[in-house]
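J.: Below are the chains, spelled out letter by letter.
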Amino acid sequence: MKKKLGALLTLVLVMTTVLAGCGGKDDAKTITFWTPLTGDDGAYMDQLVKDYNATNPEIKVKHVVTSDMYTKLSTVLNSKKGIPDLTIIHADRVPGYVKQDLLQPMTTVMQAQPELKQDNYLPQAWSVGNINNTQYTIPLDIHSSAMYYNKDLLKEYGVENFLDDNVVTFDEMMSLKGKLKQGDYVVNDALLSWVILAQIQNLGGDIQQDGKPAVNTEAMKKAIESVKKLNDAGLLTPQGEDGYLMFQSGNVLFSTDGTWSSTAHAKVENLNFGVTNVYAPSPDKFTNRASSHLFAMFKNEKRTEEKEKGIAAFLEFIRSNSMEWAKAGQIVASKQVNESPEYKNYIQSFFTSDEKETKSLYIYTYEYYPYVAEALDTYVSDLVRGNVPIDEGLKTMQKYVEDKINEN
Amino acid sequence: MKKKFNLAPVFFVGPHLILFIVFILLPTIYGIYASFTKWNLLGAPEWVGLDNYKTIFFDSTSTFHTQFFRGLRNTLMFVVLTVPLLIIIPLMIAVALEHKKVKAKSLMQSILYLPGLISISAAALIWSLIFNKQLGITGNVFGSETVWASHQPYAWIMIVVLTLWGGVGGNMIIYRASISGVGQDLYESADLDGAGPIRKFFSITLPSINFPLIYTFVMTTAGAFNVFGQPLMLTKGGPQESTSVLMMYIRKLAFGSGESIAGMASAMAVLLGVVILIISALQYYLMNRKSA
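The listed protein sequences derive, respectively, from chains U and V. When you read off a place in the first sequence, starting at 1, and then add 9, the result is the number in the working numbering. Quick note: the second sequence, position 163, residue 149 per the working numbering, numbers continuous.
Chain V on its own, in the form it takes in the complex (with noise of 0.2 Å):
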């Protein structure tokens, strides 16, 4: 019997797809020939080879270069600082948000999701003035001297602060969603054995909870490595762009004053993009294989 065609995946499937090649395959390959270019969007890509890459690598005495590793320092300070947090806050709030004596789950679970739906750039706002010394919540109630946003390591607190405002509650109901999925039976077994809390959760929900954990530790920490309006918001990349991160630099190359530099910008994102998979995927193995 002749089999027939069925048209419905390509209904459901078809427009993202389309949406995925135009504004994300294309532009991703477009990019990565760009980066062997001097471009300055205006005219006709130049090719230059690996030009871009060297100098970005071993010319010590350019701007590219101290720029492009100072913004991945700062890029790795944020990851390292924001991920685990990210993780681990909304992991604690979503079980005890599943425990029995909790009322108004479905308000509170709103109120913490709910900073993330507000724009990075009105988040800023907020916190700026939260942490403004003359005028702020810091410096009028709690009398506290400090200028946050000049003065490490409170500059990058401010950034950490205001990233996990935004960012606990999106972990947070996926990993709702996959303890309310736990069979009980488990739970009551481990009960019947005598064990605590703190054993089930090592035990029981820990493991059954293992494929959103990889998920959410690897898009959090690609989302990291893209880390953007915050710092540009809050601190502008100072004190001494120590809070200067990668994609801050190349955006001002790409898009600053002046004509664009976007080959370079091109080579230094591309660069962001391997470091990002090389991580994102040794993040996947070694979980995948620990719960192997």
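Extracted from the complex, chain U is given alone in its bound form (with noise of 0.2 Å):
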């Protein structure tokens, strides 16, 4: 019996000893940083996080991707256990977050390395962490929408002249109408939401006004009307097809995607392409939908100031370090990278070539902005299709973030 019993207590102590190893120690020397990176640029930001270290910092960074990482945040900042020294946020989230008073504003980082300044990134990345004055993160990236195209098929239909303003009106589009060989389409519906959005600023709208949710707007339903004339005349690829991979096997024209998936665009074989920005009804205003990778720190008493001087040199590791993140296919906030010669061997150096492309780079900062775009991903598809009337599913939208609002 007493063997039992001591085989028993041996095998809690054994269990209490492993699951006490699973949850990790606060380690003083250590900065924990989380981010959402679970595709290829994942494995970039490793790559960045190893040189940091390689330069044998007094404090360590360890880089922890994080599948669902919002819902695992909200976790621990209820528990107030486990929070993360440093987290990479997007910028629709940040003002939502500074609501409930969930982050520290970067005061101490910044005091810490002055060259973590508002001059030395792009004005939209730095601003949409400027909260009543209060710079609430520092930007890694604009990740932005972008429009690729097919080299030898505008070549084969005659049609190179529709880049030489660099923007693909409406009407050029539709100008190729009946004159596509069977199976080839213009444009694909790949981010069709960040298209729509994109209009919206393009026709002079917004989806707010006064702080409340604007979607059932004249200015929504012109732009899914004009996507809606592409599909009508069989110029957009069916509802339900993979128009990426058709883009991909050369049989559309164009394709409106992220500047990320130009590193999976380079792998294909034989697919000559080029970027340029997301169509729009006139070459006079064009807008690029965008959004922010941030770095940002939420609120933790137990993080030291120690921690908080490292944090700040890995930032400034980052700000002048940072091409590696260009080979993920993003536009890096830093100017001293995205300026520099090496950097316009990237595609998207495209969207920071000049002045005019980097404002086209469109950052929504409404604080229900996620669910506006959520609504807009669930029901625009069918509008655009005509599977559902234009007004009755702009009402549905609206009630739609409203009620998720009011329910807030």
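Calculated directly from the structure, the hints in this document are not laboratory data. Any given hint might turn out to be false.
Unchecked claim - Here are the computed lysine-lysine pairs in the PhoX-like style, where the Cα-Cα straight-line distance is at most 20 Å:
#1 U:K344 - U:K365
#2 U:K408 - V:K40
#3 U:K108 - V:K40
#4 V:K(-10) - U:K408
#5 V:K238 - U:K81
#6 U:K368 - U:K294
#7 U:K59 - U:K69
#8 U:K336 - U:K59
#9 U:K336 - U:K353
#10 U:K160 - U:K126
#11 U:K336 - U:K38
#12 U:K231 - U:K353
Claimed, not checked - Here are some chain U residues pointing at chain V (derived, C-beta under 7 Å):
#13 S83
#14 M255
#15 W269
#16 T272
#17 P379
#18 E383
#19 D400
#20 Q407
#21 Y409
We treat Cβ as the ideally placed atom computed from N, Cα and C, and that holds for glycine.
Each chain sits in its own coordinate frame; assemble them with the hints.
T.: Printed below as a string of structure tokens:
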């Protein structure tokens, strides 16, 4: 009996030790850095962290790629245990977190490293982290929607002139109606909701009015109607088909997608492609709907001043050494990087090639933007395809967003 | 004589019990509590009593009401379409594999079971390419002009085909194991009485595998109510939300964009749990009574 009891106690002890080990301890010499970078970009960030740690800093960085990061953040913020020292969050999350008083301003970090300042970053990426004159984030990048084009197909159809002013218009695309071979399409429907959000800006609209969601608007209606015309003319890849793959297989002239897709396109043999702005009604006003990865610190009493200095050193390293991040297809926010000659080798450098291009990168900062985007993701495809009347769909989307806001 | 305390069961049951309590029982209890709250996961839950349930059931103008019942209807559609097939097809295959003339039984069993080991994402990717009009087999080999994911009933057919491809093998193995345990003397007696294969199936095989049948029926139904990956990956809930199932909506509410609406999501999850419980109990009762 004693032997059995002893074995049981040993087992409990071993399990407790193992489980305690799983929890990890708060190492004063390690900056725990959470990111939601579960794709290829996670590997590029790993490399950046490795490069930084190779400089033998006093406090090293431990990169933790966390799937479902926002859910896990909710858990640790609630329990106040295991809050990461540093995190990458998306631009649209900032207003909500600030409103709930969860983010620590970057004041001490910026004091420790004076080059972490507005002048050294793309203005949009910097300003999305500034609320009521307090800087809550330091930007890593802008990740924007973009439009890829198939050079061979443009030549085949004799429409290379579409790119003369770097803006392909609706009218230019419509001019190809009835002229395409069977199985070819002018444009795919990838990231359709981002395309619509870009058109809203092109049309002078917005998704909010006085802090309230404005989804059922004339600008939204016009934006959807204009894309619907492409669909009705048979120029948009069919709903339910993978337009992204169809572009890669050489059947689609233009592909609206993200800058990050350039790395995947580059791996496709014989795909002769380039990148330009997302299509617009006219070349006078064009928008590339964007977001941004931002470094942020969630409030955490256990984070020491020493660690904050370590974070500042890491962010300064990233500011001056993040060419690696360009490999992930992202528009690097640091001017030192995106203005360097080496950066011009990357296709996304197109979006910072001049002031007009840089200004075309638009980041929505409305507090309830995620709900608007979710409503668009859910309904816009059916509206563009004519499966649901636009007026009815707009009312549904407006209610969808309002109900979610009221429930919060 | 003093009875000795036997520690062996503690070793076998203990770990499972701990995992059950930590990962199933406590979260379930907390989920039920959360369903009576307004909660965005970040702050403390705010007690609102039955408000979430009232909205779901009675506020017909609310998106939550509309989406819940649409999701439930689509989930029921999936259950009705797949559960009978996931019972009948594996049963037929299991019976066929038991036939003396069938060779390479283990190989065939492995081939049929293999798709069940593939993750739903990978499987969906394979089938979405097969059903792709432009690039896939349906368009290129069979010349189909149908864009499957955007038209009904094709969207449901895609989902059902993927589900059967991955789900038939598991039930088939359970049936095979049960059928192989049926006494051969019963079949020999039936042969002497001149019973044909159909008669033997209904009079001997089916009654003999009654409990595995109830088990698979109940478990398959419960699993079907939790459908999530197939419509998410193949149709994204379309066309016109006709394949948007309840689990997709619950997940979107709880962990989708923006702040979580975890209280409402929990209420929907609890209601889904109640529906599964009632249907499973009913199935169990009816099948058990029939076989008694």
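J.: For the pair supplied as a hint, K344 (chain U) and K365 (chain U), is the alpha-carbon distance within the 20 Å limit?
T.: holds (16 Å)
J.: With a cut-off of 7 Å on the beta carbons, see whether Q407 (chain U) makes it to chain V.
T.: violated (10 Å)
J.: Take the C-alpha atoms of K108 (chain U) and K40 (chain V), compute the straight-line distance between them, and say whether it is at most 20 Å.
T.: violated (29 Å)
J.: Is the Cα-Cα distance between K(-10) (chain V) and K408 (chain U) 20 Å or less?
T.: The hint is violated at about 67 Å.
J.: Do the alpha carbons of K238 (chain V) and K81 (chain U) lie within 20 Å of each other, as the hint requires?
T.: holds (15 Å)
J.: Identify whether the interface hint at M255 (chain U) stands, where standing means a beta carbon of chain V within less than 7 Å of its own.
T.: holds (6 Å)
J.: Starting from K368 (chain U), check that the Cα of K294 (chain U) is at most 20 Å away, please.
T.: holds (10 Å)
J.: Assess, step by step, whether the Cα of K408 (chain U) is no farther than 20 Å from the Cα of K40 (chain V), and give holds or violated.
T.: holds (18 Å)
J.: Would the hint on W269 (chain U) stand, with a C-beta cut-off of 7 Å toward chain V?
T.: It is violated, given that the least Cβ distance between W269 (chain U) and chain V is near 19 Å, above 7 Å.
J.: Compare the distance between the alpha carbons of K231 (chain U) and K353 (chain U) with 20 Å, and conclude whether the hinted pair is satisfied.
T.: violated (36 Å)
J.: Would you settle whether the hint for P379 (chain U) is holds or violated, based on the nearest Cβ-Cβ distance to chain V being less than 7 Å?
T.: Cβ of P379 (chain U) sits 3 Å from chain V, so the hint holds.
J.: Given the hinted pair K336 (chain U) and K353 (chain U), is their alpha-carbon gap at most 20 Å?
T.: Holds, at roughly 12 Å.
Hint check: violations occur at hints 3, 4, 10, 11, 12, 15, 16, 19 and 20; the rest are consistent with the structure.
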